[in-house]
Amino acid sequence: MKEYALIFRINDIEDFKPSPEQIQERMNWLAGIAAQNKLLDKGNTLLPGPASAKTVKPNNIITDGPYTEIKEFIVGYVIVKAEDIDDAIEMAKANPIFKIGGNIEVREVLKRD
Amino acid sequence: MSKSKRTPKELLPHLFRQEYTKMTAVLCRHFGLDHIEIAEDIVSDTFLKASEHWAIKGIPENPTAWLYTVAKNKTKDYFKHIKLFENKIKPSLKLNKKAAQIDIDFDEDIIKDSELSMIFAVCNSQNPTEYQICLILQILCGFSLAEIANAFLTNRERIKKRLLRGRANLRNSNFLIKTLDQKEIQSRLDTVLKSIYLLFNEGYFSKTNNQLIRKELCLEAIRLALILTKNELTDMPQTNALLALMCFQSSRLESRTNHKGEAIKYDEQDKKLWDKSLIEKGNYFLIKACNGNKISKYHLEASIAYWHTTPTGESKWEHILHLYNQLILIEYSPITALNRIFAFSKVYGYKKAISEAEKLKLLEINYYHELLGYLYSEEDMDKAIQHYTLAIELTKSKTEKQTLIKEIEQLRKKKNRS
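From first to last, the protein sequence lines stand for chains P and S. Quick note: the first sequence uses our numbering, first residue 749, plus one each step. Quick note: the second sequence uses our numbering, first residue 127, plus one each step.
Derived by calculation from the structure, the hints in this document are not laboratory data. It is possible that part of the hints are untrue.
Which residues of chain S face chain P? A few of them, derived with a C-beta cut under 8 Å, are [claimed, not checked]:
id, residue
1, 451
2, 482
3, 485
For lysine to aspartate or glutamate, the following DMTMM-like pairs were computed, each having C-alpha atoms within a straight-line distance of at most 20 Å [as the list claims (entries may be wrong)]:
id, chain 1, residue 1, chain 2, residue 2
4, S, 477, P, 838
5, S, 527, S, 490
6, S, 423, P, 789
7, S, 477, P, 773
8, P, 790, S, 457
9, S, 356, S, 406
10, S, 487, P, 835
11, S, 487, P, 831
12, S, 485, P, 832
13, S, 539, S, 508
14, S, 487, P, 838
15, P, 786, S, 490
16, S, 442, P, 773
17, S, 485, P, 773
18, S, 487, P, 832
19, S, 478, P, 789
20, S, 238, S, 406
21, S, 356, S, 401
22, P, 829, S, 484
23, S, 485, P, 834
24, S, 541, S, 490
25, S, 472, P, 773
26, P, 829, S, 506
27, S, 478, P, 832
28, S, 485, P, 861
29, S, 442, P, 769
30, P, 786, S, 457
Since the structure is predicted, the reported quantities are computational estimates derived from the model, not experimental observations. Cβ atoms here follow ideal geometry from the backbone N, Cα and C, with glycine treated the same way.
Isolated chain P (complex conformation) (with noise of 0.2 Å):
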């Protein structure tokens, strides 16, 4: 078992307030994956506003958000056992994040020990 950070993003952050339908979707779509023992880490959010997100620059430049330049934004990730990449794709197609346009990025993790 290898194992793989899934790395969420979407790209309009009206949309990062979910309606319970679909904080529903997501807890169905996470558990799911917990009830195939392939949940190693259910991850975190991370805050895209401006007051939580910066970017940090050469020369002291800080800007905020991550979102002047690329229109697209993380929001969160979680880590998974997954027999290979194919694996890990399959549980990342499952998640509702498509359906508002989201991705999710599929990195195999290599541990710093």
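Following the hints, position chain S against chain P.
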């Protein structure tokens, strides 16, 4: 430690259950867990004396006080003998001064504390599950060898071995009864709760079809948890949550099996047989369990059990699914994963549930195939029969096999009609 059947009265067995462990626990304060056998012998002797004495002279006015006095005297005699032995035969050895000035007290608080220390000593994760449950039944519940063997559907010899090994492990792991210290109690409470939960499950999902034994194991687990709620140090939210869970579950004990001991599915249970007073007690303890910020798995399981005691309303299964979602995130177990799918099917339909279930790939577990058999029974009868057949091959329970065979017969009939 024979439970006396010689007394014509029903009182003695009742007292035995009630007092045996309390008395052993109190005496163990003086002997230490290392010599628990001495305490047990004295208590058994006391009951033997009671059965002989009471048969002739009748039951004393205060039977419990009578038992305590006799046990006290017997203990003093024992220490006198030791003293004699130590002084005359082994003069080189110094007598334990504490033993010389022994003052045994069966005061209510001391009983409470002693019982609690005993529970903490016996519920020790150093021992494998079966050993733990045997030890709990013998030391904390006063069950005889035969009774324990009955509950486990095995012979006395095997139980005797388990108990001997279990006791040896307890000694080796140095789980002596010390004064109850808050830190230690809190760090070991989870282990104790788990042992009590295991005892309860042994009764609730018992291999034996004997309804009486099952009920007794469940009630003993409840009794032990009740002791924990009566002490400030252990009256924690998770203790109350476990107690609530056991009350809710027990409320359905009568309706879960028919007179042949065959399991009855939840949907087909006679709800009139549910024990309303136990449901009310469950509600009481569940509310008490919400006095903190921590949500334990017992909170979630108790809440699920609570919903099962309510009639099917609009959002009942949504609530149950939500609780299972939280539960599986706290602790993975195949049974939780499968139960979650059942709730999922009630909310999102069988078709979606099948694809969720098949992801689990729990091919070795009979309940996995039983669930798929159930989910497929509308969609695809051949597949349903296939899964039920696999479940029959995997299950060890005879009654379950019969229930599944009936399921298949019904599906075949249905298929022929269509």
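Each hint, compared with the structure:
1. 451: holds (4 Å)
2. 482: holds (6 Å)
3. 485: Result: holds, 6 Å to nearest chain P Cβ.
4. 477(S) to 838(P): Within the cut-off at roughly 19 Å; holds.
5. 527(S) to 490(S): Satisfied, since the Cα-Cα distance of roughly 16 Å is no more than 20 Å.
6. 423(S) to 789(P): Holds, at about 18 Å.
7. 477(S) to 773(P): holds (17 Å)
8. 790(P) to 457(S): Given pair residue 790(P), residue 457(S) holds - Cα atoms ~12 Å apart, limit 20 Å.
9. 356(S) to 406(S): holds (19 Å)
10. 487(S) to 835(P): Holds, at roughly 14 Å.
11. 487(S) to 831(P): holds (14 Å)
12. 485(S) to 832(P): Given that 20 Å is the threshold and the Cα spacing comes to 16 Å, the pair holds.
13. 539(S) to 508(S): holds (12 Å)
14. 487(S) to 838(P): holds (15 Å)
15. 786(P) to 490(S): Status holds; Cα separation ~18 Å.
16. 442(S) to 773(P): holds (17 Å)
17. 485(S) to 773(P): holds (17 Å)
18. 487(S) to 832(P): holds (17 Å)
19. 478(S) to 789(P): Violated, because 25 Å separates the two Cα atoms, which is more than 20 Å.
20. 238(S) to 406(S): violated (26 Å)
21. 356(S) to 401(S): Answer violated: residue 356(S) to residue 401(S) is near 24 Å, above 20 Å.
22. 829(P) to 484(S): holds (18 Å)
23. 485(S) to 834(P): holds (14 Å)
24. 541(S) to 490(S): violated (27 Å)
25. 472(S) to 773(P): holds (15 Å)
26. 829(P) to 506(S): Not OK: residue 829(P) and residue 506(S) at ~32 Å, beyond 20 Å, violated.
27. 478(S) to 832(P): Violated - the C-alpha atoms of residue 832(P) and residue 478(S) are around 25 Å apart, more than 20 Å.
28. 485(S) to 861(P): Distance ~32 Å between residue 485(S) and residue 861(P) Cα, so the pair is violated.
29. 442(S) to 769(P): At roughly 16 Å apart (the allowed maximum being 20 Å), residue 769(P) and residue 442(S) satisfy the hint.
30. 786(P) to 457(S): Between residue 786(P) and residue 457(S) the Cα gap is close to 12 Å, so the pair holds against 20 Å.
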